[in-house]
Amino acid sequence: MAYFKDADEVYSFIGKLFQDLAEDEELAPRFRKANTVVQYAYRDPDSVITVQLKEGEDGRVDFGDTDMDPEVVMSMDADTAHRFWLGKVNVTVALARGQMKAKGPVAKILKLVPLVKPVFPKYRAMLEEAGRQDLIEAS
Amino acid sequence: MSDVGEALGARHMAGFKDFFQYASSTRVVAGRDLLSGTGFEMGKEGSHRVWVVTDKVIRETGLVDRVEAGVADGGLEVAGVFDDVPQDSSTDVVDRCAAEAREAGADSFLAVGGGSVLDTAKIADTVFSQGGNAAEKEGFFLMDREDDGMGAPLPIAPLGGIPTTAGTGSEVSMGAIVKDPERKVKLEIADFPLFPRLAILDPEATRTLPPKIAAATGMDALTHAIESYVALEWNPFQESRSLGALRLIRENLRRAVEDGPSDEEARGNMLVAASMAIAIELGSAHAMSHPCGAQFAVPHGVANAINLPHVIRFNAEAGDDVADRYRDVCEALGVESGGSAATVGDNLASHVTGLVEGLGLPTRLSQVGVPEDGIPALVEGAMGDGLSLMNPREPSEEDYERLYHAAL
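Protein chains in written order, with my numbering: chain F, 5 to 143; chain C, 13 to 420.
Think of the hints as simulated: they come from the structure by calculation, not from any bench.
Treat the hints with care, as some may be off.
What the hints assert, rightly or not - Lysine to any residue pairs mimicking SDA-like chemistry, simulated, CA-CA at most 20 Å apart:
hint, chain 1, residue 1, chain 2, residue 2
1, F, Lys107, C, Gly143
2, C, Lys198, F, Val77
3, F, Lys112, C, Glu410
What the hints assert, rightly or not - Some chain C residues close to chain F (C-beta under 7 Å, calculated; not the full set):
hint, residue
4, Met25
5, Phe28
6, Gln33
7, Gly151
8, Phe152
9, Glu245
10, Phe249
11, Met395
12, Gly396
13, Leu401
Since this is a predicted model, take the numbers as computed values, not measurements.
Don't be surprised by glycine CBs; every beta carbon is placed ideally from N, CA and C.
Please construct the entire structure, taking both the sequences and the accompanying hints into account.
In structure tokens:
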């Protein structure tokens, strides 16, 4: 059974994490160096988060339909995304197993991977604050 | 191992891993006088009308004529020869190669050449078999699949390779790289159908290889063997191949460079070594070398030869677990393997530099046209290379900056 019951729940947690990151004074400028638009296309439940990471522009995060034109599309189960943000997914292994699929100039995203380490505890704290220990334990 | 931090590839350098994946589906035939049997071997792969992919330099050596005769001798037809592959191939060349193969009524591909030719043929075969164009094929494990993209990958037409350099290993790998001139990036594709069905390793195919190219490509093979052995995504199958390749390189690389035309055994063993060494699990030497090639046209093997010693020293200081893997490499190469982690790294790095010098290759990036003010762009390229994620020591921008300066 999937961790999240519907797309709204995905947006409430993973989507909220992206929104918080877009406003993070320390991390946001580093992520914007990627200078791209990334779309995360999740399955089970189907949900889409599109993130603008452009130097010199404010961060932007859209849920569902968007008028942004993604350069890179990352596809995966929402469960995999959840486990990733808890620090429990090795990206290279996930790509090799096909658990994550990346379309487009993947290098732009791969160079962000080392930057995400400080985000893992933020995601865990967000779940704990929301009383969703079940999501942490289920993974 | 499921602690926080696994996303960054927490180190697990020995024992039974939580996960690894290994595939190697290419049938390898190696030996003497195999070119005349090319058709006989391609026929076993279901080939009838062969599209030969090569470059003009190789064609002028007469090698392609002998391969064509070998195809005919096996009762197969040569549908045509595409000899327009440049040294650093690109998506437009791939698309043209696929279109001409279709027009010629080919049903299979045979690459006769080095890495650029082999990679062109692989991607052209994909475009030929599955439609679309080269640029659309970019990505890892993204080729067309059954069951809405989650099932078995769709096959491509039979593909064979006759390598004319001993280094790239593309003749037995599932990876391919060509330039995308529109986006000015190297387009990387890796998926299981790209494993050629057949590799013919005949030292006759490398007899006319110039010593400098034999040296550079040989260093590429050495770098594959060492980096795959210490990569975070190492696995026991590749481990055996890497150590076997290192032993062959130790015994044969100098001979193949210095006495290439007359030393058939050394050339043959280097072909085998290169095919054993290739892996898609590599590390920071390759991550540093890719942008050197993309931005300053440094030949890939030369860039690896220059960058590898610096990466070895950097990695060896990561801890005893990494240093211990370098000790194995030292033993395979006949280098002193004792002492501290820093010592083993320094010994191995010095050995590699000595080898590079002995082969007559440059040892500094500044000798091959890389300017100091080019380093920031190189750092950005290395940070964005997926192989950085497999390096046993996580490199930061500052680390890459220091490494490039050291290599300059």
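Structure-inconsistent hints, enumerated in ascending order:
4, 5 and 10
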